[in-house]
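With the hints as extra help, turn the sequences into a complete structure.
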Amino acid sequence: MIEQLLIKGLSLGAIYAMIAIGFCLLWQTSRLVNFAEGEFVTIPAFLMVLFYSVLHFPYPLAILTAILLAALLLGLVMKKTLVDALITRGNTPFVVTTIALGFFVRDFLTVFATPEAMSFPSMVRQTPLHFAGAVFSSLDLWNILIAAVVIIGVSVFIRKSKPGKALQAVAQNREAAVIMGIDAQKMILLAFSINAVLVAFSAALAAPIYMVKYDMGNELGLKAFYAAIIGGFNQVRGALLGGLLVGLIETLTAAYISTQYKSGFVLLVLIVVILFKPEGLLGTEEQ
Amino acid sequence: MKALQVEGLKKSFHGFPALRGVDLYVNEGELFGLIGPNGSGKTTLFNCVTGVLRCSAGKVAFKGREITNSAPDAIYRMGIGRTFQLIELFPNMTVLENMLLAVQESQGSMLSRLFRIREDTNERRALELLDFLRISHVQDELAKNLSYGQQKLLDFGMVMMSKPDLILLDEPTCGVEIQMRQEMMDHIKELNKQGTTIIVIEHNMDVVMNLCTRMVALDSGEKIAEGSPQEIQSNQKVIDAYFGEEE
Amino acid sequence: MRETNPKIGPWTLLIGWALALLILLSPIVVFRSQYLLYLSSLTCIYMIVASGLNIILGYAGQISLAQAGFLGIGAYTYALLGPSVPFWVALPLAGLVCFVIGLGLGFPSLRVKTHFLAMVTLGFTVIVYLILVNEEKWTGGPFGVFNIVRPRIGTLAFASPSRYHIIVALVTFFLLLLAFWALNSQWGRAFKAIRENEGRAEMLGVNLRNYKLMAFAIGSAFAGVGGALIAPLFGYIDPTMFALGFSFQFLLMVVVGGTGRFEGPLLGAMIVALLPEFLRITEKFFPVIFALAAVLIMVFMPKGSVSAVDWVYKRLTGKEEPHLTK
Amino acid sequence: MRRLLPVGVLAAVAIILFWAVNGFAQQQDKVTIAVVIEQSGPGAAVGARWIRGVQMASDEINAAGGILGKKIDTFILDTKTEAPVAVAAMRKAIENKPFVVMGPIFSGSTIAVMGLLRDAGIPEFVGSESPNVGKQNIANNPNTFLGSLNVELSMQKVAKWITEVLKSKKIALIWSNDELGKSGREALKKLLEPQGVQFVTDIATELGQSSFTGELSRIKASGADTLFIYMHEEESGKLLPQVRELGLDKQMKVVGHDTLLTEDTLRLAKDAANGVMGHVGLSPVAAPLKPVADKYLAKYQELPDHNFYKSYISMSLIKAVVEQNKSFDQQKFREKLKNSTFCVKNYPGLLMDVHYDEKGDLDRESFLIKIENQKQVMAGILAPLHADWFESCKK
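Protein chains in written order, with the working numbering: chain A, 1 to 287; chain B, 1001 to 1247; chain C, 2001 to 2326; chain D, 3001 to 3395.
Hints were generated in silico from the structure; no laboratory data involved.
Accuracy of the hints is not assured; some may be wrong.
Computed cross-link-like contacts, EDC-like style, restricted to lysine to aspartate or glutamate with a CA-CA straight-line distance of at most 16 angstroms [as the list claims (entries may be wrong)]:
{"#": "1", "chain 1": "C", "residue 1": "K2314", "chain 2": "B", "residue 2": "E1171"}
{"#": "2", "chain 1": "D", "residue 1": "K3182", "chain 2": "C", "residue 2": "E2136"}
{"#": "3", "chain 1": "C", "residue 1": "K2137", "chain 2": "D", "residue 2": "E3060"}
{"#": "4", "chain 1": "C", "residue 1": "K2319", "chain 2": "B", "residue 2": "E1171"}
{"#": "5", "chain 1": "C", "residue 1": "K2113", "chain 2": "A", "residue 2": "E116"}
{"#": "6", "chain 1": "D", "residue 1": "K3290", "chain 2": "D", "residue 2": "E3186"}
{"#": "7", "chain 1": "C", "residue 1": "K2303", "chain 2": "C", "residue 2": "E2321"}
{"#": "8", "chain 1": "B", "residue 1": "K1189", "chain 2": "B", "residue 2": "E1171"}
{"#": "9", "chain 1": "C", "residue 1": "K2113", "chain 2": "A", "residue 2": "E3"}
Since the structure is predicted, the reported quantities are computational estimates derived from the model, not experimental observations.
Written out as structure tokens, the structure is:
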């Protein structure tokens, strides 16, 4: 039993991790926290349904278009509008604004799209796999795989590529980076775009399990947020760890401790971390 | 009895020492100067004395009473006020409010503050001070609308509000235009004559020289000289430290 | 723009508050419609809760997503004490309970800020919800509590919507007056100082711990009283009424109205509770419009929609509108 | 821009005030029926079907000359699936003096508003299946009438089926931790435990929950012979594929009630739903309900769910009662409905014989449904709980 719990927990955690890493990039570059991150997952999910189920694009094309469109919408448009308008006023106004933005997206989709949940096919055929007494779906391995690829891709991009290095520089010391002639604004835009791609991918992975619905983001966004905080806001690897942890915690709690207080248990862990190690398990202190 | 007594004060950030065991004392009613090149630890010393930073080691005593690592608000209420190198005001509160806030916490209990102890006396004093600093005409402006010089003066006025026995001034004249600078120095002298002990951090040598009676020079966290302005001026170490900085 | 902050004379204040009381009570005579009376009572309650949040967010500058949780605690305290305990005991008790819990919830605010604090308070609301749902033997679980009676003081019953609105209006008036008093006292100044520049405030002798905790406690207590008023208004409560979304709504109320302005949350509450009624044609779209408006207001009018009122005032009188709190 | 914005706000306010109009004109030659229902929020989907039921029925009735010659005139108010809004909407509805109110569906809203209607003396038909609705009704003077069997009554039938047909000994129960799931769970336990049926696992799930691995692993380990699912459509739709994935459907019988077998669930669960069995109060594949289902299908390109039938049948019932009374007196309406049986042979619109008791709860036939290639298939008919009540209709 434990094996499959672990695998399931990881495959969930992988999805959370991808979103959580998005959080971190935003925070590192812009010192902003996006409370609409959940809706940032919902939007590409709806786009996928639009392209695949309504406009009948071929599956891969639908996913691709959705991801690109998401990157444009949640990256460029977001940066040029809300971020530019609010970044000078610090984090709290942005938090409140994105909360409002979340409301807007949800209400908009209920009224103009549909209030009902829609199913969306997974990237791979779901065949049950048996391994050491554990039963799980090919989908789980696929989730872990994709997430791993994407995450590694992102971190390699950050470490090796020129813009990636610049991004890091901004993340570590904004002022210094700016003096070194790095365009912080460009980097923020870059971060938002990467974030958009990450959430779009996670949407593709989450859709088959979560179903595409206007409020699918609520849970995802929160869990990813827990993950980012638990793991450490200023460390990509922290977010990764956090994501996996949250996935495991909720699965194992449900199995062994309490189903009724499941979501409460994750929260307790979160609050303990916030109060006793605000920088997160792998995070580093910020001055 | 000494107004301020600092013994073997050490402070390091992430293992990097900013103060390496500084000893100094300030007499009652003295106008004391603290000089040294950038990064020599002057402001760090202020922060340790006012409780903003925890000292790694050493003792700080105010009028013989040990105050090492007490809370900033407690230390302020004991009667140590300070101004800041970079201005630290309450931008969206009016000048008068800024002034009144500086004194309210030193009077009455928290509960009594809820029941609005009458502030006429404070207000009168605030207005007097603003007059004395020649900024009473902007008393109802929001602090953020003041000019840099006016903000410096307000900062200075706030310190005087609660009649502290010891005032720490962090570069009071830095960034202030010349005639304003002269005014500032007159204010400081005036205040000192009224019997307040004052410690001034100053970069500008001539300012300290004509202000202070006794001073200490710091360099990279260590006391390198102590004495009258003349002694300091002629002290080789000090000269090196400053030239060293200029190179 | 060079803002100043003119003072308000005592007589203007007196008249102003008298007027406010009249306005709060007016629905009793103005509205025949039970429905509009109900809406007015609801608006008043929203005003209370939002004003509470405004003390925490707008004045002390600490974000809180716990209002829904406290609203729930207040409502359940009142509902579970039941008819056995007289109204004028149950009401303050609900407030007191939340005051104490609020003190506790204030402690995280001493360690963490902005999004961390948001998460802690959010967690609080979720956990309250879970307890309400799962501890069935005390709370009635998902079935909620039925037949919550409206107060009767002595032989006088306040059952009818108009009668009950009298109570709601009076309590609202009293609490707003209380908030006004506190915010204009030296506490209000200390709160604002903490919001503006925490470090400097501390170096001017402001005891951050006490003031932050007080801000949280008062704000939460307001939500608690609001809950105690809302329970008999509905006559029935269940946990879903106090879920997280409600906290966000109160946050938006304050922001849309005007953060850190006394009249802000009052305006915000009216917009949320009353506007949809007048926007009959767009009823279905109101949530969308409102959310969008909230975003736009955050971007274009950081001071909230009260700044529109200020603008009008300035156009009419040519003077700056005096702020209600110093 | 900053200059213009306040102007815009002012303009908006002006327009709003201009729109401020109250109340609906009430014509004499019409009978007003208020529909207070979930149009937005989590209940939007079921609410939409309820509205369709009302509209289809009233169109047909009006086409056939209305009730006692009066045309039905309906207006709809949204509860946003929030009890406070429901109360507000209901007060507004009451002010337009409707003859009957249809809705709401969610139990929280239902219980929150039923007191108002009782005081106003306006009868209502609700979609809620909560046993508490009946309990809140003043005994012997019910004002709120359910559109289908309440959970406790349904569970009586289900329990009978489980013990006598399925012969389950060990049941694993998974329910949504809200009014719906919990009332079902309690009813079921109360009925089955005395009969020596064991509840080996008893698992609560959250609304909107998506991953059930932890829960299902428990069930897998529990060695139950039957898995009883009592969750909302959406969650059931997410759960079933995961049930299949773990191979639970091979290991034990997967059964449920209403929500597990409706179109919404099937749409989400796809082929994972195949083989699931359960009890359904009102099913589009049941012979008496089929014709209406076809009409619905033609109109909306989908099969109706039980909420559609609840409102559709209730509307016909209103006609039936009024025509028996020959008057629109609401007190008489209540009296007539209480403790009486209405037969399809007299009122075809009812689709099935139905009986209301003194608590406003109804009793009627219901159905056993099996899911085969993602469609409901009739697996049997469950007789009413009180056969004697329906004698009159037989002859």
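Tested hints:
1. C:K2314 / B:E1171: violated (41 angstroms)
2. D:K3182 / C:E2136: holds (10 angstroms)
3. C:K2137 / D:E3060: violated (48 angstroms)
4. C:K2319 / B:E1171: violated (39 angstroms)
5. C:K2113 / A:E116: violated (37 angstroms)
6. D:K3290 / D:E3186: Not OK: D:K3290 and D:E3186 at ~32 angstroms, beyond 16 angstroms, violated.
7. C:K2303 / C:E2321: Within the cut-off at roughly 14 angstroms; holds.
8. B:K1189 / B:E1171: holds (15 angstroms)
9. C:K2113 / A:E3: Given pair C:K2113, A:E3 is violated - Cα atoms ~39 angstroms apart, limit 16 angstroms.
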